[in-house]
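Undergrad: Protein chains in written order, with the working numbering: chain A, 1 to 353; chain B, 1001 to 1501; chain C, 2001 to 2315.
Source of the hints: derived by calculation from the structure; they are not laboratory data.
Keep in mind that a hint or two might mislead.
Dumping the calculated DSBU-like pairs for lysine-lysine here, alpha-carbon to alpha-carbon at most 35 Å [what the hints assert, rightly or not]:
1) Lys142/A / Lys2310/C
2) Lys1142/B / Lys140/A
3) Lys1142/B / Lys142/A
4) Lys1449/B / Lys142/A
5) Lys1449/B / Lys1391/B
Read off the chains here:
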Amino acid sequence: MRLKVERIPAPAWMRPLIPVGAILLTFLITAVLIVLVDADPLRAYYYFLIDPLSSQSGAIEVLVKATPLLLTGAAVAFAFSGGYWNIGAEGQLYAGATAATAIGLQMHGVSSWIAIPLMIVGGFAAGVVWALAPALMKVKLKIDEVVTTLLLNSVAIFIVSALLNGPWRDPISQWPQSPEIAPSAIFPRLIARSRLHLGFLLAVVTILVLWFVLTRTAFGLRMRATGLGVPAARFAGIRVERTLLTSALVSGGIAGLAGVSEVAGIQYHLIDALSPGYGYTGIIVATLGALSAWGVGLAALFLGLIDTGAQTVSRVLGVPVYLGEVIQATLLLVTLAMMLLQGYRISVRRRGP
Amino acid sequence: MGSAATAAAVTMQDIHKSFGVLQANRGIDFTLERGEIHALLGENGAGKTTLMRVLYGLYQPDSGRILVGGTEVRIRSPRDAIAHGIGMVTQHFALVPPLTVTENIILGNTRGVRLNIEDAHQRVASASERFGVPVQPRALVKNLSVGERQRVEILKALFHDASVLILDEPTAVLVPQEVDRLFATLRNLVSAGLSVVFISHKLHEVTALTDRVTVLRSGERVGTVDTGATSQAEMARMMVGRVTSGVENTSEADRGPVVLEVDDVVAVGNRGVDALQGISLQVHAGEIVGLAGVSGNGQSELAQVLEGTRTATGGRVAVGGQDLTNGDPTAIMRAGVGRIPEDRHASLVGDLSVAQNLALEHLEDFSDRGMLDRQLIRQHAVEKIERYQIKAGPDDKTRTLSGGNMQKIVLARVLERDPAFIVVSQPTRGLDVGATEYVRERLLEQREKGAAILLISEDLDEILSLSDRVAVIYEGKILGVLSADEADAERLGLLMSGVVT
Amino acid sequence: MSEVFEVGFIVSLIGATLRVATPLVYATIGELFTERSGVLNLGIEGIMFLGGFTGFAVAFGASEAGIEEYLWVGLLAAMAAGVTMGLLMAFLSVTLGVNQHVSGLGITLLSIGLSLFGNRMVFGQRQVLPTVEPFSQLSPARAIESIEPIFQQYALTYIAFLVLIPLSWWILFRTTFGLQLRAVGENPEAADAAGVSVFRTRYIALSAGGALMAAGGAFLSLAQLGAFSPGIIAGRGWVSIALVIFARWHPVRAMWGALLFGGVFALQLRLQTIGFDLPFELFLALPYLVTIAALAIAGRNANYPGAYLKPYKRE
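Generate the whole structure from the sequences, applying the supplied hints.
TA: What follows is the structure, given as structure tokens:
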């Protein structure tokens, strides 16, 4: 008797079950942790999933928390779709944030109509610049982009730290944070007296553009073909190197926008704790969203929901807020495993003669 | 059962092996006597490699017996085969390049935790001397030439006490001097008691080296003869057999001017050696030139050069007078070349839809200022699906289609552009009867319309039933071109085996 | 500035270098073995983090329970946690064949999340960090005052340089397992044909690698700090990824890489106290930039293990 494991294409009805199944399985696993802190899992999940959506302020907070994730998720999804493994979204985010701060600090007395677009363009450009070296190394020298983009994340954080401890150290508080950017550079609120800022609109527009490019443009189709199979793409006459390069650079730019959004919309100055890992969470978002624009949108909102709920759960039930991160990471790993397992059929067969 | 002393080294009785519907070995009997070099001769798909993989434990036979030295054995894996003294050197060496020769030889056969490297070097060196297979134990495999690597593989088998050595197309990657060295080595080993199975399709080597020849064709044993007592013509005839008729190539279309000119093209293959060694060929409008040859003689590389996915390091390619040497795929397509490649998966993106794949090569025609005209793409797909009888919907993912339907997509993409020249490789490999007929009929249709077609196929029947002229490729060059009337089995078989008459 | 060239300065610099390099030695060797088997483990940052937390938490509990060798118990617990994460990575990447970049990052995020969760759960939110009495340093050269700082090191540092590095070299190049590991990482088909179990080899490499990575993290909390704080690892896992490539997958070169990084780090700390005002972040960024440059120069001939990032499926 031996086990025969064969790969078969997953039946169509199975595909939508995966996110549902993954979420259920994740919650089952993380329930263990909730029990360990003497809390009730069902109540905890209520606060994670339902409570934030049951009030306007909660729903708004979800959108606020989802904003950077929408942007980094879109950035990573754009790169991954084209077959470029951009692990450097975190560094590109900081590059964008730095540019936004540099510009924002100079915008005293300048109209918002100029300051804000300038910051956005500058932040995007900074992200592109930060993505350039690894992209060129990949295209010209065939060097794996995973390690190079990863290493540049650390370098970006060091540069930010150097700036904040040096020329940009806030002269008033003497803390490692930059002075505040000009008031005209601050992103306006989308809903009065809430934390929801222009960055959310920027994120939504980015997602729509992502959707449009991927599904409606010739470039998007060429990019996807490259990501799905370089030999076939090359055979069809697609300029693979040029496509990869574009993928990589645009991805960097979008991640840069995430940095702009956090500086101009939430913090108003540059701090080195600007991102609690949004660049990496963006990879979770892109993977959960299976690289489609809708998927990325939903995944970012879901993770934003978890982030919001984590705060509540911590406050109300005393469950450490970090459960949110555990849930997100577990969800990723479970989803990955399920995406692989869906394509398998295990059968037992008798040995041949 | 004879006594061990007089029993054959290996006896295979009535071996059957099928892969799905494909019957690779049909009741084959094969006997290897002690101390002989026995050739296993046949063209593509004859079943030679399958038979030896069964002997080496890589495949399990569906039925049949194997005897080693007169005793029946069960060989379930290469480890069993090695334990019975059977070693195999395949076309793709199982070596680890950054390791030394010694480390490669002892890999998987070391005892205990510690590795006594010096001792191992010594043992390899003395084995090398004992068997007359020169190697440098401390050399890194990645620094060795192909011939030297092959010697390491041979020594590896001998090191593990092989008394039977199977060599699968060993000269495919060797230059002539290395071939001579190999033959000398084998003769020495055989005189010391080794028995050798030599899988080949090259007649001059078979006649030079071997004692007996077993010829396989279409999974069956045609016969076993003494090498010395049999002419090459006879062997070729046994190898190729009769011509079977399929689609009738009946029309007497007039040949037009030269469309494809391949002039002395040189190109490097995947193994780093020149796969094309100055190949020249011409195809006229309104004719089908079939390129016959045993796989591995440069056909794939020639197709890739013509398709624009492999660089030619010398020579010239022109279509309709236009120089297309090393042109990129887009330029090649624009010059009116249609490409039906060998590997459907290398030209279709499996996870894209049928409609998207149909449009992929010419997206400019389906987009307006960068935006896709999805209506047009869909419409185009629906048209093609109907015209070419593709059993799929426009939005189906291409990888869910059968091989035949995938091939129809490739056909549709190419033929709708009325190409002046079509390069088509292995068009019906893996397809069922219906799809095969369909594809062949479409090709003949294009010929009627005046297209120049280069048909590269391992299926000799296909070549013979479709071609106006047949060119034979051997070791990266055209060895001979015959007209349809002249191309009989014997002449083709000789050419394909490297014999020029 | 002239103080830099005084013997005292140099001696204390060397001592500090060895100390700073220690966690990198453990982590880099762990990743080195993993990558030599053909798998990239981006979970290293998280596993170091997890090791740091687990080591501290268990040591704390053990010391409260009155166990004498609470530090070693903590270290063992940390290594066990590392093995667990290594096995999880192996299951995802080797058995299932999941994309290694994403699974590795997932493990980093999971490990960090679990550690922070555990930290809050066990210790709550305190103003003053809970501490344990950390490992004490050995002082074999106590008598000779001038060079004493070099030899006043933790036992774990001695182990790292005098045991782990030579042992790693020996395992890799002089044992059956090492030979099989190298074969599996370069050409799994050839290894499989020779009868070596690709799966088993990779599982072992990932587990042992995880244990070492966690040990590196535990060193920081149990020896250097005597406490656990979220900033404890601060990217050292990513440094180790860089060092493995920089060392071209060789244990002795990995040691030099770790020392180089440690030296630069220790140097810039000391330069700051003297009043040298170059931003220290420049020095911190150096190993990363040097590695990227080294990659660019080596190009595609960077001698990555042949099977790097490719899951193995036997046909």
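Undergrad: For every hint, state whether the structure bears it out.
TA: For each hint, the structure was consulted:
Restraint check for Lys142/A and Lys2310/C: satisfied, since their Cα atoms lie roughly 17 Å apart, inside the 35 Å limit. With a C-alpha separation of about 25 Å, the suggested pair Lys1142/B and Lys140/A falls inside the 35 Å cut-off, and the hint holds. For the proposed pair Lys1142/B and Lys142/A, the alpha carbon gap of about 21 Å is at most 35 Å, so the pair holds. Restraint check for Lys1449/B and Lys142/A: not satisfied, since their Cα atoms lie roughly 44 Å apart, outside the 35 Å limit.
Between Lys1449/B and Lys1391/B, the direct Cα distance comes to roughly 26 Å. Compliance with the 35 Å bound is thereby established for this hinted pair.
In the structure shown, a violation is registered for the earlier hint numbered 4 alone.
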